[in-house]
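Using the sequences plus the hints, can you model the full thing?
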Amino acid sequence: MKALGPRGLWLTVALLVLALLVLPFLVKNYRVFQFNLVLVYAIAILGLNLLTGFNGQISLGHGAFYAFGAYTAAVLMDKAGVPYWATLPAAGLLCFGFGLLLGFPALRLAGPYLALATYALALAVPQLLKYKRLEELTGGVQGIVLVKPDAPFAFSLLGQPLSQDRWLYFFTLAVAALMFLLSWNLLRGRVGRALVAIRDHPIAATAMGINLPLFKSLAFGVSAAITGVAGALGAITVAFVSPDSFTVSLSIFLLVGLVVGGLASIPGAIFGAVFIQFVPNIADDISKSAPSAIYGVLLIALMILMPSGVMGVLNGAWARLRARGS
Amino acid sequence: MPFINFRLATVAVAAALIAGSALAQKKYDPGATDKEIKLGNAIPYSGPASAYGAIGKAVAAYFDKVNAEGGVNGRMIKFLSLDDGYNPARTVEVTRRLVEEDEVLLMFQTLGTPSNSAIHKYLNTKKVPQLFVATGATKWGDPQNFPYTMGWQPSYQSEAKIYAAHLLETKPGGKVAVLYQNDDYGKDYLKGFEDGLGDKAKTMIVARASYEVTDPTIDSQMVSLRASGADVFFNVTTPKFAAQAIKKAADLGWKPVHYLNSVSSSAGSVLAPAGLDNSMGVMTAGYIKDPTDPQHQKGKDWDDWVAWMKKYHPNGDLKDNFAVYGYTVAQTMVQVLRQAGDNLTRDNIMKQAASLDITLPMLLPGVNIKTGPDDFYPIEREQMLRFNGKSWEGFGKVYGR
Amino acid sequence: MDALLHQIVSGLANGCIYGSVALALVMIYQSTHHINFAQGEMATFSTFIAWALIQAGWPYWAAFATTVAISFAGGLLLQRLVLRQVEKAPVLTNVIVFIGLLLIFNALSGWIFEHTLKSFPSPFPKDSVLASRYVSAHELGSAAVMLGVLGALFVFFRLTPLGLAMRAAAQNPDSARLVGIRVSWMLALGWGLAAAIGSVAGMMIAPVVFLDPNMMAGILLYGFAAALLGGIDSPLGAVVGGFVVGVLENLLGAYVIGTELKLSVALVLIVATLTLRPNGLFGKTVVSRV
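Residue numbers (the working numbering), protein chains in the order written: chain A, 1 to 326; chain B, 1001 to 1401; chain C, 2001 to 2290.
By construction, these hints were calculated from the structure, which means they are not laboratory data.
Here are the simulated DSS-like cross-link-like pairs (lysine-lysine), alpha carbons at most 30 angstroms apart as the crow flies:
1) A:K28 / B:K1078
2) A:K28 / B:K1127
3) A:K132 / B:K1175
4) B:K1200 / A:K132
5) B:K1127 / B:K1078
6) C:K2126 / B:K1319
7) A:K28 / B:K1026
8) A:K28 / B:K1038
9) B:K1121 / A:K148
Following this line, the structure appears as structure tokens:
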């Protein structure tokens, strides 16, 4: 079997892009809504991957950054009338600051202790969001209902109009593409190598002159920013935020998605997102208690049998294919 | 002039005939056919609020019975109930799936205030009924702005107002301490109570303490409340914490006038673990029969309920008042569907839901279900009850419209 | 003044709860150097087993003993079958496996035993002469049980050869193997003991907070805080930490910040302990050679 030549590769990519662009017009609005959620989770997992997969800092609390980004978007849209697209950079910046702030004490926490501290953060988030002093801003327990943005222009393909969900799909797709591109660029260069070095051999990395505290804190900040942008997009897609949407389960699901997709793998985030979005729906049909149990079993099975996730398996298969071809 | 009158009369008769024939025709919206009616539901079967999943199971079991007995007007009820884990984002997702993919006729008994808030606007915009939501928040009875949404149980605020009214009647100089869950349910009760006391709220309520569902115990809050010197206690807690509160009050030697919210009034699940002696004198306002109360455990209504449990809901707990709740709210839904007859459009469903005037077997005597175009609160009446060590004894009057 | 005393005493009572969970956590840490996120759910599951036995008519202490034995065996099997596969894997892998266990046990509890609230009996007579206005018989009893477990652990680790072997296996597995200690079995034993302690904790806690699948959700975090505060490798620290966390939570909640931010107190406590005094109050400072 011959491996695809460069022209073949470009053709495949072009077809894929075309498929992605036409997809929302082939399915009902509800499915498009689900795809939007997949994209949102993919961005969130990407952020988590940067910190945990590439830099080895275990975070069981990324739901906190997601929540922070979501509420930033919600409060800005609801109280300050900010247009939806402008809330994304705001969420990103605020979460970057938040992540940086958390990165400092995190420097002193190794492995399981950091996991513990972030777990505590995830547990505390809903209570903080309900805090009565902040109720004016956050809407307290009742949450904030948002207005979903309309498409800026009328458009129609294959008989289906550009509905709110479809417009959001393209918007989210663009943001996702941007985030993935930025991350890929960041990680394949010096920064990426430094992060991985810190993960694998922190002492050697320091000896080589890498500024550990700086990189680790920045990793926290950037990771938080990316997940915060995902949170903002999530808030716009669902058009509602409330403290109960951001419990510790969210952080755990993001971790599940990360592991399934593959640690330290950028495209893996997409597989992870598809998994955490659609598996509960399927599991629901099997049994009401099933989703949690299935997640648990899968997590353990993956760690034992397939530690590098779906991407690991795919990469391995691809490598074998190419080896056989040449 | 006779000529015009004759023409008018003809037009009127013709219109009546056409309308009559339209009534005789079957009219369906998505989700209703000659053979079945699809109902959608989102309820937490997993996660921290999973105890409420018992309601969904009871409702499904009641619909099984109705279907086994021939359905409603010859149509089988298909009850599609999905888990939302008490996460409003997921409620939005499963609701959209039910409405857009499964094409249900209406959403029924979705549970939780934040969950229902998340889909409130969506369902009203899509003109899909959001019927008999399983929460007592007051905002669901707003036909002007949200004509497709209706609650079912007495709103928390109206219940709290009953306690306030009773307190003002019997102990106007009392000092009140309030323990409440720090969420929409707890705060709604507190607001109703404060509104019910009016100006006197500021002077009468001497202490307030809140707690989270994640708190292991509420001992600390109880100690603080007792230390405030209050002699009246308004207990706005869910079953687990209500039992703890009653027990702790007794342990502390505190015997206030005790108002317990109806959510936690089950003798079997709350008072028995707390200690039946400790629960003597506790008051509540009830609207459905407590299945653990010996005074209700006889008669045809009880026998029917037990027979249903045994045949269609064998996994259900005979002591669980969620089972009674599910049974009764399902009966209300069936009544609406029956009244709608062959006109199963969403608008007609709402119309029938707003024209209810019935009583149901497991409701307390004196409590009825009544709605109107301006009255989207089906159950408003509650009976004051006092626990006498063995069962809830009715006293005083039935409050409410 | 009376109220303050009450708050402190009820804080100590809560502290018993946190301390017993912390003991199980310390047990796992001492034998495997891992932090077991699934400890709470395992304890809940064990308590459900006890409940089922009691419902079936077994007398309390028979059910108690059987549950402890079943939990011990369960913990041991868990290590042998599942955790052994990831023994040598990096920390992240282990953390993920623990989260997986947490999800599985929680789902199992809910599926097998349903989500309705259940009451669990207390073995201590309600009208004991020792009970008073401030503290109930059960609270005194569970405190006694916890101190008993603490004492047993102390004796086990310090004074028995097996305890020494376990500590050696955790601290330096390679050297321990060279001396003939079967490291793998030591780990399994550690897990068995931790599961057993967890089940005891669960059975002491359930009468107070009532039994349902999510019983430990709120408590686990405070247990972690207690274990860290006292020193993650010190059983005595776990108990002391438990008391401190309990009292602190009550006093802060009642007098300083209000009851609405209790979880944040736990969070701040954990982060502060880890950054300012990572070894806790009683833990040993471990120096690692670079």
